[in-house]
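Each chain, letter by letter, is given below.
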Amino acid sequence: MTDVATAPAYTGVEDMRRIARELLEAGDVRVIIGWEHARRGARPVFVSDPADTDKLIFDTRCVHNLVTYLNPRRDAVAELGKIGLVVKGCDVKAVAGLLREAQLTRDDVVLIGVRCGGVLEENELPAALALTPENVAPRCHGCDNREPTLTDHLVGEPQPEPPRPVMTIDERVAALDAQPLEERWAFWTDQFSKCVRCYACRQVCPLCICERCIVEKTQPQWIESSAHPRGNFSWNITRAIHLAGRCVDCGECERFCPVGIPLSLLNRKLQHIVRDRYDYTVSDDPENAAPIGDYRLDDQQEFIK
Amino acid sequence: MTDAQTDFEPRITAFVCNWCTYTGADLAGTSRLHMASNVRIIRLPCTGRIDPLFIVKAFERGADGVIVSGCHPADCHYTSGNYHARRRFAVFHDIMGFVGVDPGRMTFSWVSASEGAKWKDVVDEAVSKVRELGPYEAYRALAPDDASATAEVTP
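Protein chains in written order, with my numbering: chain S, 1357 to 1661; chain H, 1294 to 1448.
Careful: at least some of the hints might be erroneous.
Simulated pairs of lysine-lysine, DSBU-like, Cα-Cα distance not exceeding 35 Å [to be verified]:
#, chain 1, residue 1, chain 2, residue 2
1, H, LYS1411, H, LYS1422
2, S, LYS1661, H, LYS1422
3, H, LYS1350, S, LYS1661
Here chain H is said to cover these stretches of chain S; the calculated rule only asks that three of the stretch's residues, wherever they fall, bring their Cβ under 8 Å from a Cβ of chain H [unchecked claim]:
#, segment
4, 1529–1542
5, 1550–1559
6, 1586–1598
7, 1642–1649
8, 1653–1661
Since the hints were derived computationally from the structure, they do not count as laboratory data. These figures come from a predicted structure and were not determined experimentally. Where is the CB? At the ideal position from N, CA and C, for every residue including glycine.
Turn these sequences into a full structure, and let the hints steer you where they fit.
Have a look at this one:
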């Protein structure tokens, strides 16, 4: 990737810093959570001093979904006081998810939206790179929330669409779907057998909100906790279905997975299922009730005798 | 069909609701209907109480197939439990297919308290389908290599 041009920051960074500074100075928020440039690349930063707001950046390396800090499991963050959060279009959907499930009230947070034209797959880079089909995060393809409506502030110029990745997630799901059942079983059990049960996928997820996860329940123990293929299968299937119709496709679980399980394929397949069966797409509208937990009298039931 | 498969008696776990299917299965019994005896019934208050994880657990513990059955739509004792279950199991059914679990091993049905005959049909059909698919060795192969885990799947 050495021949890829470096990219300037997205527009609106100055506005973002100004808004952050004003919010902190006025005491409207106690802390701003955004991204900063560090030795190893872009990373999340908590800014509580108005003088430090110049640290804030937004460029193609800002892959992190910072909404994970609003997850009610993170009570240490909540104790900091009211939060100002910098969010991309995809991230805003996770805020809507927390609002929809009554895990957050709209007044708990000030949202500074940034108009985004896609991010890289890799954030640990000394400088932002221009997006190419090889380096763009595949989830950015077909982004449907480039003009978020839930934010309090929205900065930056409208950006061009991100480049189409070499292979889109939809294409990878379709390729798997086209394989015979045994091949799919072999593929997934092989992937799941790599799992070391670190639960990074759960910890980073903005919408894995249970105070006590089912995997930690031992009487009875529903999910075997040692890292062998059988327990791993239960865990990965359970994690996926608990996010059916809720996952916002921020891709953080897959990015954090230390052994590289392609969780975004499972998540995307579940999005297809709820789209095809219930005409449901996850949006940044908190009033749009999630499909699981809701029902219609005439739901499809072709698989039931 | 090999000899091993002809001798194969599937073990099927049925998760049924207390109000309709359990009573329906009871009716099938008191009506002296002959049906396959491969099914172990687990009675729950409602299909809405059946977590998809129950099915995963049944496979873990050595089931070759699973039946989930409850009240017909509009008949739920708790008004809407079966509607919620229907969505949950639709998603579960599809994602299990995606990861390579044969949908033939999972039977979903609505059987009311008066449908003893339908219960017999559901059971016979599920047993013959699973008999064709054979023992669920692929799932058992996921088990850890110690005796305690394999002991669970020996009949």
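Here is what the structure says about each hint:
For a cut-off of 35 Å, the pair hint linking H:LYS1411 to H:LYS1422 stands: about 16 Å separates their Cα positions. With a CA separation close to 14 Å, the supplied pair S:LYS1661 and H:LYS1422 stays within the 35 Å bound. About 23 Å separates the Cα atoms of H:LYS1350 and S:LYS1661, which keeps this hinted pair within 35 Å; it holds. With a threshold of 8 Å between beta carbons, the proposed coverage of the segment 1529–1542 of chain S by chain H holds, since 8 of its residues qualify and at least three are required.
For the segment 1550–1559 of chain S, the stated coverage by chain H is not satisfied: 0 residues place a CB nearer than 8 Å to a CB of that chain, which falls below the threshold of 3. Proximity of the segment 1586–1598 of chain S to chain H, defined as three or more residues with a beta carbon under 8 Å from a beta carbon of that chain, is established by the 7 residues found. Check result for the segment 1642–1649 of chain S against chain H: holds, 3 residues qualifying (beta carbon to beta carbon below 8 Å, three or more required). Judged by the Cβ-Cβ criterion of 8 Å, the segment 1653–1661 of chain S is covered by chain H as claimed, because 7 of its residues qualify and three suffice.
Of the numbered hints listed earlier, the single one contradicted by the structure is hint 5.
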